[in-house]
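Put together the whole structure using the sequences plus the hints.
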Amino acid sequence: MKGTISWKWAVLVLSVAALVAVGCAKKQTVKSEGAPGAPGAAVTPAPPAVGEAPVMEAPPAPVAVAPATPPAAAPGVAVTEEKMSQFDDVRFDFDKSEVKEDGRKTCQVVADYLKKNPMAKFLIEGHCDERGTSEYNMALGDRRATAVMNYLVSLGVPKAALSTVSFGKEKPLDPGHDEGAWEKNRRAHFVLK
Amino acid sequence: MIGAAAGAFLLVLSLFPSPAFPVLYIDINAPGGKRMPIAVADVAVGPGDPSLSRGIPKILSDDLALTDLFDLIPPTAHMETVTAAHFSGKPLSFPGWKMIGAEAVVIGNVSVRGDRLSIEMRLYDATQGTLLAGKRYTGAPNQLRSIVHRFANEIVYTFTGVRGVFGTEIAFTARSGKSRGKELYIVGMDGQDLRKVTDNRSFNLFPRWSADGQWLAYTSYRTGAPNVYLRNVSTGAEKEVIRFGGSKAPGGFSPDGVWLYAGVSQAGNSDIYRVRVVGGAAEKVAEGWGLEVSPSPSPDGRRIAFVSDRGGSPQVYVKTVGVAGETRISSGTGYATSPSWSPAGDRIAYTARSGGRFVIASVAPDGSGAREVASAADGDCEDPSFSPDGRSLVYTYRKRGYSALKIISSDGRRQRTLVSGLGDAGSPAWSPGR
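Residue numbers (our numbering), protein chains in the order written: chain W, 1 to 193; chain U, 1 to 434.
Derived by calculation from the structure, the hints in this document are not laboratory data.
Ideal placement from N, C-alpha and C gives every residue a C-beta, glycine not left out.
Among the hints, a few may not be true.
Partial list, derived from the structure: chain W residues whose beta carbon lies under 10 Å from chain U [to be verified]:
no. : residue
1   : THR80
2   : ASN117
3   : GLY132
4   : THR133
5   : SER134
6   : ALA139
7   : LEU140
8   : ALA147
9   : MET149
10  : SER154
11  : GLU170
12  : LYS184
Covered stretches of chain W (in silico footprint by chain U; criterion: 3 or more residues with CB under 8 Å from a CB of chain U, positions within the stretch not fixed) [stated by the list, open to error]:
no. : segment
13  : 87-95
14  : 159-167
If you want it as structure tokens, here you go:
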């Protein structure tokens with residue numbers, strides 16, 4: 001392959017050369033660097049010219065998006081910490097969001113608590129195990145939290161007492177990497193607000 | 001001026017049938033093809049740090065080595081010392097370079113005066129003694145690496161006709177120190193210049209580049225709830241763009257920069273929306289009773305690939321924006337997520353489940369020609385993102401708590417580790433070309 005003639009590539013390189021020449025036409029000072037007597041050295045417009053390409057960063061582009069809000073100063077540490085709960089987690093099967101029998105029992109306990117404490121409000125967190133991609137798990141966690149919320153509403157809990165958030169696979173309860181850990185991490189978690 | 005330009009072009013074309021015009025080239029489509037033997041000479045240093053003499057060729061050589069297109073002739077074999085005179089008329093001794101096997105030679109001349117750096121770089125065909133490419137760059141000293149990357153791109157372009165990707169970057173997420181949160185990071189495609197972008201100790205997820213490389217869209221929990229923000233990579237200025245709904249994850253920008261596509265959950269059901277980056281109401285693009293997430297716009301902006309579990313398990317679908325109907329393009333009954341459209345529009349890479357592990361697969365947008373691109377016998381491969389030249393993919397490798405970002409050639413032949421040692425590194429997104 002080396003040094004062989006390829007017209008396809010010759011066309012490409014020459015076309016590029018021509019384009020470069022077009023781009024530089026205004027200011028070009030053609031400095032012929034072709035070997036003496038090389039074919040076309042005198043007229044080949046492009047390669048010999050040492051172009052100037054300033055690399056100064058373009059001024060911050062006039063993009064349509066105006067920087068509206070300054071970066072939030074408040075660190076979100078609280079978000080990343082596991083909040084203790086007096087209620088069990090509701091657990092799920094892999095890639096599923098059905099509230100199973102023992103989860104329903106837990107929901108009944110939560111519903112009873114809310115009947116006795118009508119001012120209480122719960123945040124229901126939806127979580128997933130580490131398998132699969134983050135984005136899909138984020139939506140799956142949302143569906144799990146919503147499934148628990150809907151079940152509580154079906155038990156007579158006012159919707160206003162409940163809200164949901166998904167953490168996808170970002171906040172595992174058990175940091176392990178086996179089925180035992182995954183089972184604990186596929187959960188809805190109740191946080192008393 | 002236009003007439004003159006056209007004249008120049010015609011002149012070149014008229015020259016082309018001339019039989020004596022050997023041109024060095026590399027066929028990037030020939031697997032295992034012969035590599036170009038190239039010598040990158042120590043550069044001449046005027047005023048400035050003498051270590052630049054070796055430092056600049058090192059950056060350039062490392063770049064070229066990443067392409068697998070070149071054989072680099074070791075500096076110990078070089079016989080000619082490049083001086084400033086080689087940039088003002090003195091010819092190189094091409095027979096000497098040819099003798100050590102070089103078919104191409106790169107020389108450079110650098111000077112640093114105060115905060116001003118100027119570099120001239122030249123690429124010669126050593127077999128013909130002709131100048132193939134030459135550039136003179138000026139900038140600040142801290143732009144040295146980016147300048148050298150630019151000339152490396154020139155070299156690749158000269159020999160292949162395809163612009164190189166040196167100087168491009170990969171955004172990703174990782175846990176910072178002992179924090180349980182995740183921050184955004186950016187790293188050069190050569191693994192250098194790693195830096196932390198966010199520092200709010202919440203969850204910062206799903207970075208996606210705008211088509212001009214100026215902005216990152218991402219989801220942050222810094223207020224307690226997940227919202228989508230746009231962040232200017234240079235200035236750090238931010239703007240909230242998606243606040244409605246529950247969980248949300250940006251998928252990608254339209255190529256014209258007008259739209260941001262995202263998956264957003266409402267009442268537990270995630271659908272695909274798009275919002276104007278300048279603000280305004282969201283438009284629903286794809287919906288169903290299942291979860292619709294991870295929209296990846298095609299390079300022409302007319303279609304999106306996305307994930308839906310409407311068929312019982314997550315699979316990749318393609319639809320034309322604004323037109324009813326969707327086509328499933330992933331096959332099998334397992335699990336297919338996180339599609340990424342190739343820059344040429346001819347392939348879609350995604351995460352597939354195969355034999356209990358996650359692997360990277362790719363398929364044509366019509367669902368034909370599916371093949372596995374990357375897999376690991378001892379772990380999972382996820383979240384592919386194409387390089388701007390389409391020749392490589394960056395993805396996440398995970399094994400029982402260890403994670404790394406890896407880059408693999410699109411044909412699956414070559415692989416290297418980009419980032420390791422950061423906790424739970426993932427969600428890589430390759431920036432557009434520079």
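We went through each hint and held it up to the structure:
1. THR80: holds (4 Å)
2. ASN117: violated (23 Å)
3. GLY132: Check passed: Cβ of GLY132 (chain W) comes within 6 Å of chain U, closer than 10 Å.
4. THR133: Because about 4 Å separates THR133 (chain W) from the closest Cβ in chain U, which is inside the 10 Å limit, the hint holds.
5. SER134: holds (6 Å)
6. ALA139: holds (4 Å)
7. LEU140: holds (7 Å)
8. ALA147: At about 6 Å, which falls below the 10 Å cut-off, the nearest Cβ of chain U leaves the hint on ALA147 (chain W) intact, so it holds.
9. MET149: holds (8 Å)
10. SER154: Violated: closest Cβ of chain U sits about 14 Å from SER154 (chain W), beyond 10 Å.
11. GLU170: holds (5 Å)
12. LYS184: Since chain U brings no Cβ nearer than about 16 Å to LYS184 (chain W), farther than 10 Å, the hint is violated.
13. 87-95: Violated - the segment 87-95 of chain W has 1 residues with a Cβ nearer than 8 Å to chain U, which falls short of three.
14. 159-167: holds (count 4)
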